[in-house]
Amino acid sequence: MSVRPGPQPLNLFVSYLDLLKLASPEAIIVLIALAVLTIGLTGDRSRTFPGIVAVVGIVIAIWTTMRLPQHANLFGGMLVISPLNSLFKIVCLALALATVPLAVSEKSMRNPGEYLAMLLLGTVGLLLLVGSEELLMIFIGLEVLGLSLYVMAAFDKTDARSAEAGLKYFLFGSTASAFTLFGISLVYGISGTTALNVIGLKLAMGSIPPLFAVGIVMTLIGFAFKIAAAPFHLWAPDVYQGAPIPSAAFIASGSKVAAFVVLGKIVLVGFAPAHGNAAWHSMLPGWSPILAALAALSILLGNFVALAQTNVRRLLAYSAVAHAGYTLLGLVAGGREGFSATLFYTTIYALTLIGAFAVVGIVKRETGGDDFQNFAGLASRSPFSAACMSVFMLSLAGLPPLAGFFGKFYLFSAAFRAGGNHGLLWLVVVALFGSFVSLYYYLNVLKAIFVDKNASETRHSSPGTHRFVANATIAVLAASVVLLGVLPDALAEAIAKSVP
Amino acid sequence: MIAWTIYLTFAGAVIVLLLPRAFARWIALLAATAGFVVTLVTFFRPDVDLGHFTTVVRVPWIPALGMNYHLALDGISLTLILVTGLAAISAILFSWDVSERAKEFFFWLLLVVGGSYGVFLSADLFLLFLFYELVIVPKYFLIAIFGSTNKEYGAMKLTLYSFFGGALVFLGVIAAYVAGGSFDINQLSQFQFPSQLQWWAFPVLFLGFAVLAGIWPLHTWAPTGHVAAPTAGSMLLAGIVMKLGAYAALRVAMNLFPEGFRMWRTTFAVLAVIGIVYAAAVALRQRDLKFVIGYSSVSHMGFVLLGLTTANVFGVSGAVLQMFSHGVIGALLFAVAGTMIYRRTHTRDLDALAAMNLRRALPFAAFTFVVASAASMGIPGFSGFAAEITILIGVWKAYPAAVWVVGAGMVLVAAFTLRALKRSFFDDGLGSAALSAAAPGLSAGKISESSRDGRAALAPITVPEKVGAALLMFATVAVGFYPKILLDRIQPAVEAMRFLR
Amino acid sequence: MITLEHYLMVSGMLFAIGFAGVMVRRNIIIILMALELMLNAANLSLVAFSRFHVNASGTPNYNAQIFVFFIITVAAAEVAVGLAIVVALFRLRQTTNVEDITALKF
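Protein chains in written order, with this note's numbering: chain E, 1 to 500; chain Z, 1 to 501; chain C, 1 to 106.
A couple of the hints might just be wrong.
Once the Cα atoms are required to be at most 27 Å apart in a straight line, the calculated DSS-like pairs of lysine-lysine come out as [claimed, not checked]:
(1) Z:Lys422 / E:Lys453
(2) E:Lys453 / Z:Lys397
(3) E:Lys21 / E:Lys497
(4) Z:Lys157 / Z:Lys103
(5) Z:Lys103 / Z:Lys422
(6) E:Lys107 / E:Lys157
If you want a taste of the chain E side facing chain Z, the calculated C-beta under 10 Å gives, among others [stated by the list, open to error]:
(7) Ala213
(8) Phe384
(9) Tyr410
(10) Arg417
(11) Tyr440
(12) Asn454
(13) Asp489
In short, the hints are calculated from the structure, not lab data.
If you're wondering where the values come from, they're calculated on a predicted model, not measured in any experiment.
Every residue, glycine too, gets a C-beta built ideally from N, C-alpha and C.
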């Protein structure tokens with residue numbers, strides 16, 4: 001019998017118990033989600049208790065992830081355990097962990113149990129995405145994540161803007177996932193398999209048929225949507241502004257990190273032979289010029305539109321578009337260095353953005369809005385939140401010695417090195433120009449906080465414990481942004497070691 | 001030991017925030033003085049090797065990238081640290097009366113000073129960039145919160161220009177790092193970069209740094225920024241921050257890419273000459289005293305850049321001396337204009353000032369301004385003369401034609417300085433009839449009336465102001481009479497640089 | 001003889017119709033239907049590929065057919081969530097027309 005072209009046959013000898021052991025983080029999160037849901041249905045409407053349960057569950061899941069074996073591969077890549085996957089499962093869980101206190105301190109949240117359950121189910125989606133190297137599983141992960149996020153975006157049923165954000169996110173998201181699915185079906189059709197490494201091997205053997213190219217492009221569209229790269233970013237401003245704050249934070253952080261991890265694996269493992277070349281003088285068709293174009297467009301469009309924003313959440317959304325562009329630089333550069341730079345950057349970015357949204361949450365609770373004018377005089381009202389917000393903004397702007405700066409440094413030097421004879425210099429220049437432009441609007445936020453006089457009446461300060469929870473979250477996040485700026489090695493080394 | 005300048009200043013900044021407001025200015029003064037004393041001790045120690053960029057501290061920081069916390073010292077950096085200390089102390093003395101948000105004010109101020117110390121001492125390219133960017137944001141707040149005329153616009157313009165320069169520098173740093181494989185400035189300055197890289201990386205780096213030094217087409221941030229800033233802010237800007245750019249251009253761009261420097265130096269020399277003449281000509285037409293001084297800063301910094309581009313020992317040493325000299329003089333001029341005059345009369349309009357007869361009302365201010373103007377014009381006996389003559393000798397060797405143009409520029413400098421001096425202090429209220437036309441919205445009669453009545457109301461110059469001014473005047477006179485004290489320390493360090501060999 | 005190309009052609013057309021529906025239609029319910037069309041286009045091509053990818057042993061490659069079951073489930077879940085959001089929005093705004101949903105603007 002000749003070698004079968006399909007994926008390896010399902011290994012039916014894996015005992016169910018072993019499977020459960022390898023998938024224990026996911027299993028634990030599902031159980032906790034159900035537990036939180038039950039608490040939410042039966043108990044009173046207290047927000048603290050389900051929150052504590054969720055936190056404990058996530059911590060346990062992190063602990064079990066750390067205890068997973070180094071390497072395992074089940075069902076032809078459907079569940080892969082590798083240092084990289086485990087590391088990013090931990091990162092995703094940590095991001096979920098940071099989102100829980102946001103949800104708990106959100107006063108308008110009426111069904112905290114249900115909300116946290118959706119958050120945890122979304123986290124399962126993240127874990128599935130990160131932990132698989134097979135297109136079917138990736139698609140399912142995307143959908144599990146997406147469906148939870150749609151609900152989370154539309155969760156505030158008293159607010160028309162929340163429902164609208166949810167609807168827009170849903171419409172754009174499911175269109176994009178339909179594109180991805182169709183792309184996957186074409187990729188499968190040409191290569192006869194859905195396992196990424198086998199696809200890569202198959203492609204390396206011959207030339208790339210045009211239908212496959214269509215498949216690549218359509219798959220990339222789906223991911224460009226997830227990471228909010230221009231021109232597939234249209235949902236982002238509305239969702240960031242309209243959705244409840246914890247949802248927006250989670251959409252901006254967790255879903256992005258996982259999307260970048262998977263996108264990196266897909267293009268660098270699955271589509272590796274169709275790399276092409278994005279260097280200025282020697283462009284070759286392939287996915288890297290596509291990503292390079294997306295990156296350049298996102299950087300320019302995101303930064304310039306952000307200049308005109310007067311709402312901080314919308315501003316963060318457009319800046320997110322720009323940051324997606326920067327992050328893509330690492331993938332365009334390719335190789336180990338580029339991929340680790342992308343992963344480092346997206347992790348840092350996610351941490352920073354959750355922090356920024358947490359501050360926005362505090363401001364919104366106290367002043368009833370999240371426009372620039374609501375931030376005016378924050379420095380005198382609450383020096384602590386002001387200081388943390390400036391750490392987040394300056395890190396996003398990429399000023400040393402904050403984490404965002406090192407993220408950019410890794411990315412730009414990877415891109416500078418890649419492509420013979422500094423062929424990606426053009427992209428680095430675009431990115432540098434973009435981050436120069438971005439300084440203006442980040443400074444504008446800081447200007448509102450520190451320079452402008454307190455115009456808006458503070459309505460009320462939130463009750464003690466919830467305020468404390470929010471402040472503690474912000475403090476931890478700001479400290480980690482500063483710490484990762486002073487000692488970026490701590491994370492960068494871990495990522496570089498785990499990238500195969 | 002010199003590294004303590006950085007630590008003391010940053011520690012001071014943190015303590016200012018922690019202690020009650022009443023202590024803020026004293027702690028700031030203490031921190032700045034301590035840093036200055038440390039510098040002086042190092043300055044007069046005979047056993048310090050100032051001829052080479054000698055390592056002071058070196059601790060591995062991010063081993064994976066080859067970054068070190070690496071500080072080093074030579075005569076050039078020591079000279080600039082000295083002027084930083086001088087400007088810092090006098091800036092604090094001249095902000096003695098800041099009462100609103102005083103803690104924040106001194107916090108930002110000390111951050112600027114500490115970051116500048118860091119830039120001058122960094123021997124690691126990355127560290128240098130870090131400190132360089134660290135100066136920019138505090139500067140923004142210093143101006144945007146505490147400034148005066150058009151402060152938010154001025155602050156934002158200044159900051160964006162700085163960041164634009166910073167983006168160029170970042171690109172250059174990445175290029176140097178990727179090609180040279182190291183961040184160590186001493187190592188990189190031995191590395192032979194490929195010519196093609198030098199061809200584009202040198203102008204990128206040089207221009208990026210020179211933005212902060214006020215190079216001609218990108219100088220427009222300087223006048224508006226100076227005008228918008230509070231007194232201490234403009235003193236720091238003129239005294240320290242503009243030096244950061246020139247210093248880093250010398251230390252990094254020219255030192256690392258000598259070949260690129262040779263390819264581009266004539267271009268930059270032309271820009272510098274245009275800057276000298278153009279800024280002086282514009283200063284002649286200004287009516288706001290601070291604008292006059294702001295443009296004079298650009299003109300003086302043009303001398304620095306011109307000196308750098310001569311690529312000989314005289315020119316470059318003169319440039320460093322000019323950085324010191326202008327640091328002191330610029331700070332002094334802004335101190336007079338910002339605190340001694342503006343704080344008391346609430347106007348900087350030269351025509352309005354002309355009607356006030358300030359010479360009688362503020363004799364000490366008049367005296368200080370005369371000294372500062374003389375030094376600024378390059379009258380022998382002041383530091384400005386020593387520096388500019390050294391630069392001109394260097395220029396004569398490199399670009400003889402430029403000397404004539406620059407000479408014309410110096411005449412213009414003298415002209416606008418004398419004009420400002422005369423209008424602000426020595427007009428004796430004459431020509432106030434012509435004034436009403438010149439100063440719309442301010443009736444001449446009213447002004448002279450109010451100045452006549454209010455002469456007593458003009459608060460006398462306070463003791464801290466006198467001390468601060470005396471410190472700066474002493475520095476410019478001392479160096480003017482005995483420039484050797486600095487040149488002896490600067491020249492060996494300049495001779496050690498690669499582009500001269 | 002109906003070849004793989006024919007199936008792909010139909011599937012591509014279905015996808016295009018679905019996408020056009022999403023873009024052009026104004027009623028959210030119709031848009032949901034168009035979305036379903038897009039997903040089913042992918043299903044069709046997967047099944048076709050599966051049928052024409054014959055292994056050495058002569059059996060079709062069944063992976064894709066399993067894939068299709070998952071997609072059907074996912075599509076059902078998606079519609080459920082979508083309709084829930086539509087209902088939530090309808091309660092607040094009394095409309096299912098996307099042109100009326102303009103609380104958030106640039």
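Each hint, compared with the structure:
no., hint, in the structure
1, Z:Lys422 / E:Lys453, "violated (40 Å)"
2, E:Lys453 / Z:Lys397, "violated (56 Å)"
3, E:Lys21 / E:Lys497, "holds (25 Å)"
4, Z:Lys157 / Z:Lys103, "holds (25 Å)"
5, Z:Lys103 / Z:Lys422, "violated (38 Å)"
6, E:Lys107 / E:Lys157, "holds (14 Å)"
7, Ala213, "violated (32 Å)"
8, Phe384, "violated (12 Å)"
9, Tyr410, "holds (9 Å)"
10, Arg417, "holds (5 Å)"
11, Tyr440, "holds (6 Å)"
12, Asn454, "violated (13 Å)"
13, Asp489, "holds (5 Å)"
Comparing the model with each earlier hint shows violations of hints 1, 2, 5, 7, 8 and 12; every other hint is respected.
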